[in-house]
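Q: Take these sequences, add in the hints, and give me the full structure.
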Amino acid sequence: MINKISAFIRRTISKIFRNKRQLRLGLYGPPNAGKSTLANRISKDWLGEEMSTVSKIPHETREIIVKEKIDIKRRGKTLSFNLVDTPGIATKIDYEDFLKYRLSRKEAKLRAKDATKGVIEAIKWLDNMDCVLVVLDATVNPYSQVNITIIGNLAARKIPVLIIANKTDLKKANVKKVEDAFPQYDVVGISAETGRNMEEFYESLFGVVR
Amino acid sequence: MLTLQFIQFHELQRLNSRQRIKRIIDEVKDNKIVLVEGRLRPEEETQLIEKTMEDISKDFKGIELCTLDQSRSNERLLTKLRLLFASLLIGDRRGMTVIGPATIIKEIKRDPNKVQLLTTGYRRRRLG
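Which chain is which? The protein sequence lines are A and B, in order.
Take 11 as the starting number for the first sequence in our numbering and just add one per residue.
Take 1190 as the starting number for the second sequence in our numbering and just add one per residue.
What the hints contain is simulated information worked out from the structure, not anything from laboratory work.
No residue lacks a Cβ here, since even glycine has one placed at the ideal position from N, Cα and C.
You may find that some hints are simply not true.
Said to hold, decoys possible - Ranges between beta-carbon positions, derived for each pair:
#, chain 1, residue 1, chain 2, residue 2, range
1, B, D1219, A, R84, 27 to 33 Å
2, B, K1303, A, D124, 34 to 40 Å
3, A, G86, B, F1198, 43 to 49 Å
4, B, S1246, A, K134, 19 to 25 Å
5, B, N1205, A, V219, 31 to 37 Å
6, A, S65, B, G1284, 33 to 39 Å
7, B, S1246, A, K83, 23 to 29 Å
Claimed, not checked - Lysine to aspartate or glutamate pairs mimicking DMTMM-like chemistry, simulated, CA-CA at most 25 Å apart:
#, chain 1, residue 1, chain 2, residue 2
8, B, K1250, B, D1219
9, A, K79, A, E209
10, B, K1240, B, D1258
11, A, K127, B, E1232
12, B, K1295, A, D124
13, A, K119, B, E1232
14, A, K102, B, D1258
15, A, K83, A, D196
16, B, K1221, A, E106
17, A, K123, B, D1258
18, B, K1295, A, E117
19, A, K66, A, D179
Claimed, not checked - Where chain B lies over chain A, by a calculated footprint (3+ residues, C-beta under 8 Å):
#, stretch
20, 73-82
21, 98-110
22, 163-170
A: In C-alpha cells:
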C-alpha cells in the first residue's frame, strides 16, 4: 500500500512538472525483441545517429540508455521526448545459455551477472516513464508471462502503452496473434531492422502520447 | 522427484508483499513447483522477478511463472466492481499462479485455450 501511495505521489508530481521537463518514452519487452534496434531506428530517423549496440546474443543491453531530446514532427505538430532503452525483462538467466554464442565461461558469467542487475534496473525505472512502447517479437508466441506482467504493471500504473509487433520482415511474423493476445491495446506491426511501417508507427505514437 | 506445493490464498493473505514473495521464492529454491491459489498483484509479480534476479546463483537459475485467470466476462458490473475493490485491498483469490524453478520447468507454453508445462525432461504436463 505504501509503495502504491508513493508511486501515485511520484506520478502526480511528475505530471505537474511534465511541461517543464522532457517526456520519457520507455522501450520495454523481453530480451531480443528488438528494443535497441527500434531505439536506433528512431534515433537515426530524427537525430541522425544510433544510441544502442545490438547483438544476436540475448541481454546485449544491460544498462538503461537514454537519448535526450528527440523531436518527432508530423503535420505541423512536434512530439518531444527522451527515449529510454531498457534491458530485456526475464524471469531466468543462466550463464550457460551464453556459452553457445561462443562467449568464454568468464564472459558468460559476467554477462549473466550484469543481466540480472539490468532486469532489476528496468523494473525500477517503470515508475519514471510517461509512456511505454512494449516491443514484442512477432515471430514468437505473445502469451508469455513476461509480456503479461509488463503490460499488467503498466496498466496498474496507468502509463499509456503502445504495443510494437516487431520483426514483420520475417516470414514467421504474426501481427494478428499479438493483436488477439492484447485486444485492449493499439498494436503496430513494424520491422525496426528494415524500417518497414515506421510511418504508421510514428502516427500511432502521436495518438498514444497526448 | 517432482514436488508440487499448494499455497492457499488465506496463507498469503496475512503476509505483506515482501513476506509473500519470500514465502514463494523459498519454496521454489527448495526445488518445488508452487501452485498459489489466486493471483499476485501486478507490482508483486515484478517484485517477484526482482527478488529472483537478486537471488540468482550457481544453483538457482531463476523461475518460470504463469498466472491463470478466471474469465469475468459474464459477471454483472456490480460483481466486477466488488471483486476489483477486493482485489485492490487483499489481492485476487480467483485463478491460480504457477511458479517453479527454471532448472525444473523448461518452459510454460500458453495460448488462449491451454497451458503446457514443459519440464526439463521435455515431458508435457497439461494444466488446464
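Q: Going through the earlier hints one by one, which of them does the structure break, listed in rising order?
A: 1, 3, 7, 13, 17, 20
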